[in-house]
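Place chains S and W on chain V using the hints.
Chains as they are written, first to last, in this note's numbering: chain V, 1 to 485; chain S, 1 to 381; chain W, 1 to 97.
Hints in this document: simulated from the structure, not taken from any laboratory.
All the given hints hold, so there is nothing to weed out.
Capping the alpha-carbon separation at 30 Å, the derived lysine-lysine pairs in DSBU-like fashion look like this:
id	chain 1	residue 1	chain 2	residue 2
1	W	Lys18	S	Lys159
2	S	Lys97	S	Lys221
3	V	Lys370	V	Lys55
4	W	Lys18	V	Lys55
5	S	Lys234	V	Lys370
6	S	Lys182	S	Lys354
7	V	Lys55	S	Lys234
8	W	Lys59	V	Lys55
9	S	Lys362	S	Lys97
10	S	Lys107	S	Lys362
11	S	Lys159	W	Lys59
12	V	Lys370	W	Lys18
13	S	Lys65	S	Lys107
14	S	Lys159	V	Lys55
This is what each chain is made of:
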Amino acid sequence: MTRARRIDRGPGCPFERGAQVEFRFEGRTVQGYEGEPLAAALLANGVQVFGRSIKYHRPRGPSCMLGHCSGCLLRVDGVPNVRSCEHACRSGIAVERQRGWPSARTDLFRTVDWVYGRRLDHHEMFTASAAINRLAMRFVRRMSGFGDPPSADPPAAARLERFEAEVVVIGAGAAGMHAALALAGEHRKVTVFEADPRPGGRLLDGACRIGRDGGAERGWAHLAGIEEQLRDCEGVELRPGTPVLAVYQGERGHEVLASNRGETCVVDAARIVVATGAHGQIPLFENDDLPGIFSLRGLDRLLLGWGVLPAQPVLVAGGAPAVDLAVELVERGVETGLLTDLEDARIAELEKRQVTVVRGQRIIRALGAKWIDRVELGPEGSQTPELVLDCGLLAAGLADAPAYELAHHAGCRVEFHSESGYRVVGDERGRSSNAHVFTAGHCAGAPDVERAIESGTRAGMACALSLGEDPDLARRLDARCAADG
Amino acid sequence: MRDRADLVIVGGGVVGLSLACQLARMGFCDVVVLEQGYLCFGASGRNGGGIRQQWTTEENILLMKESVRLFRRMAAETNYNIWFRQGGYLFLARDGKTASTLEANMKLQNRLGVPTRMVSPERARGIVPGLDTRGVEVCAYNPTDGVLFPFPALWGMAKVATQLGVEINTYTRVTDIQTRGKQIVKVVTDRGAIATSRVVNAAGAWSWQIARMLGVELPNKPYRHEILVCEPLKPFLDPMVSDLSDGTYFSQTMRGEICGGISDPEEKSSMETRSSFRFLHRMCRSMLRLLPRLADVKVMRQWAGYYDETPDGNPILGPVEQVDGFIQLNGFGGHGFMLAPAIGRQAAEWLLRKVDHPMFEKYDLGRFARGEVEREIFVIG
Amino acid sequence: MAKTIVCRCEDVCIEDLKLGFEQGLRELEELKRHTGLATGFCQGKCCIAHAARFLARLKGGDDMVADPPRTRPLLHPTPVYRLAGELEAEPEGDGEP
Chain V
1 MTRARRIDRG
11 PGCPFERGAQ
21 VEFRFEGRTV
31 QGYEGEPLAA
41 ALLANGVQVF
51 GRSIKYHRPR
61 GPSCMLGHCS
71 GCLLRVDGVP
81 NVRSCEHACR
91 SGIAVERQRG
101 WPSARTDLFR
111 TVDWVYGRRL
121 DHHEMFTASA
131 AINRLAMRFV
141 RRMSGFGDPP
151 SADPPAAARL
161 ERFEAEVVVI
171 GAGAAGMHAA
181 LALAGEHRKV
191 TVFEADPRPG
201 GRLLDGACRI
211 GRDGGAERGW
221 AHLAGIEEQL
231 RDCEGVELRP
241 GTPVLAVYQG
251 ERGHEVLASN
261 RGETCVVDAA
271 RIVVATGAHG
281 QIPLFENDDL
291 PGIFSLRGLD
301 RLLLGWGVLP
311 AQPVLVAGGA
321 PAVDLAVELV
331 ERGVETGLLT
341 DLEDARIAEL
351 EKRQVTVVRG
361 QRIIRALGAK
371 WIDRVELGPE
381 GSQTPELVLD
391 CGLLAAGLAD
401 APAYELAHHA
411 GCRVEFHSES
421 GYRVVGDERG
431 RSSNAHVFTA
441 GHCAGAPDVE
451 RAIESGTRAG
461 MACALSLGED
471 PDLARRLDAR
481 CAADG
Chain S
1 MRDRADLVIV
11 GGGVVGLSLA
21 CQLARMGFCD
31 VVVLEQGYLC
41 FGASGRNGGG
51 IRQQWTTEEN
61 ILLMKESVRL
71 FRRMAAETNY
81 NIWFRQGGYL
91 FLARDGKTAS
101 TLEANMKLQN
111 RLGVPTRMVS
121 PERARGIVPG
131 LDTRGVEVCA
141 YNPTDGVLFP
151 FPALWGMAKV
161 ATQLGVEINT
171 YTRVTDIQTR
181 GKQIVKVVTD
191 RGAIATSRVV
201 NAAGAWSWQI
211 ARMLGVELPN
221 KPYRHEILVC
231 EPLKPFLDPM
241 VSDLSDGTYF
251 SQTMRGEICG
261 GISDPEEKSS
271 METRSSFRFL
281 HRMCRSMLRL
291 LPRLADVKVM
301 RQWAGYYDET
311 PDGNPILGPV
321 EQVDGFIQLN
331 GFGGHGFMLA
341 PAIGRQAAEW
351 LLRKVDHPMF
361 EKYDLGRFAR
371 GEVEREIFVI
381 G
Chain W
1 MAKTIVCRCE
11 DVCIEDLKLG
21 FEQGLRELEE
31 LKRHTGLATG
41 FCQGKCCIAH
51 AARFLARLKG
61 GDDMVADPPR
71 TRPLLHPTPV
81 YRLAGELEAE
91 PEGDGEP
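Chain V with its partners taken away, still in its complex shape (with noise of 0.2 Å):
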């Protein structure tokens, strides 16, 4: 519990934090700074296990740092389940975990885990007589439940605003900002919705660069820039930390669901941009779930964004993005090993500086009773360890997945690839098969930042083209198009 340490966070970053505060856990006084994920405070303070699975009692903790799984829920203020990577830290708020008895740290139900070691069929279980499955119902509704209900005073209903909207941009990442700004510049009215309480999207990433080598920029540095653009444009309001949660097709045409603390807003939208990302994807192996386990973006926000690093060695596995986060860990001082089949100058430079790098090999399992401790390898389909690693964290990736949701919600065709899953399926223009929806970026599998940044301006081209006619305009996305082929 000790390991846990807080790092610099370098030069440039865009997460602002306010003054230390302190906040209520489980009954102990415990700091945090004003504004930062309630996961990262705890984390820096050695918290390793924030509740536990429904089902087999594993312990859990974050993961993607970014709103997407459940592994960071936690009870605040008397509300259940909170996502602690989103919710932010304040003065006195009081946080408990869930589940788990006597507590989520010591669950002696983990030993359902233990009893059902390969898996436990609750289809078919304790249904041997009428009785015993009345009898045992009773016990399984005790059991069931992810927290207790809210025991807070109920919040009144919050405001619900109605309103119409030309262009609504869905992701305020480097396709969704660059969609925004090429409507703005065809003087096309735009609302954004970011899900995220800092626009940017993958471009917050600290590992996140644009063009690779000598000429690289960094995302952080990018985003400054168009933030800046952003600004000066009369046409485009940004809402951010208000998430969509919907696109509903009706009688209406699209209607578009989003809400954030204080007020919830449903826009009927002429145009719809979906620029909504990708999802990070841990690999499948054994206890792939055991917390200190991060997607390379979740641990690229823990250590680089929010300067939290909870134990150490780090080891970081993937292709290229995995690299990219393996140099900016060793550049701030942190124990990296790195597991990737990639071989390149950087990852030489990496083990000239005495970077353990292990190639051939994939995560068999990870060992820990708590919190990840080790990792076996071995090679691809084998199942027996060859090599054994120290590992305090592991940051995994596999290709991101596309957030190809909310498209889904409004018909978009979407397609299944296999090393990423399913994306938005949008032609070079970003036009997908619902003539009022566009897509760019990641969710519609632009494969890196740069490229994502391109697709995002053509879509804003396109959509503005959809909503009248400009010869000009045309001649413009045309020449765009033509010049990559």
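This is chains S and W only, laid out in the frame that chain V set:
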């Protein structure tokens, strides 16, 4: 897929499977069930799992009572958990007319052995802590009503039927039913044909299409019905709460989720299954009005299914005049799931042993032409 | 052998998917209903791609999992109070019992 069968059941929903399961248990296994999608594809996999005996006609009350009895044994009989929980149903009446209807219903239900009782708003708050009873005149409460999980009930019945020799074909769409004179000879599907002389139309929202293949016009129309589910929380709500003024209903599942829906008088008949903001909004407003402590409970998901509605709110059961061996088990509106075990059993008795039941006369298709229609007024949602 | 968890929200492990497939479940929609996959707090963001890959391998081709399960609103679990505000000009039906 078999190429002949004594009986073909069109529709692998709860009604078709319940019948198949009962027939198989009686030793009649030369049955093929045809389902166009996966099991749970239709309304049987899209409902809230409410099971109540608080109805307004003697037939429905007795059938539901029988269903409850069968549901109580179902998990043990099929070796499949259906998570049936008898937490009761609490109906809220906000005006005198509804209150007196509830009172009359209660008397009928009591006479038939259903322990419904009228409870005051104050007493209702004891049953549902936090219930906002402002404007509520009186409530009707039956502790033996309940909720279950629809999916596993289907899987369990399908498992038993299959084990006993019934063939269930999923992803098999009926494209035609051929006749010779008034006799059915063959059911044609996109995966081949089955020679048979008897067909049960248990196709739910699609039953009017199936009937039309034989030139039979059914008065049933499908209506979208939407529903939502919230995050799973520790038990805090026992009964299904239903407000009769707007058709809201919600309960807590065995997993701890609040699950429910609301009537929409503006819904037009359609085959639409997309979700709407209108429903989400109306439902959340109603939940917040009834139980303010739900304010901070998170909505997880919303979806839609069908009510296969007849003009009088009662199902269409039994043979039809135009075609021999064409048996209807459809038009169940929003209460097919709760009726299915009893209906399946009675229909099996009737098919195999010619045991008659008044419902086959009362709920036959001919009643609409004859004008003998008694409306079931207690269709919620 | 320790479990390989595909869906952390609902504790669905790879064995559950394997067994489901052996029992004849051929589509993601079926596996989803049978195992609870993708119905938890993340609503499938962390598991659908894994499950689809797994199923594609068993069925012998990416085209066998061409469609994801129907994506249901909401994308993020959202408290009732945020969805229950008063909306002007929204026709409120009377409903009938």
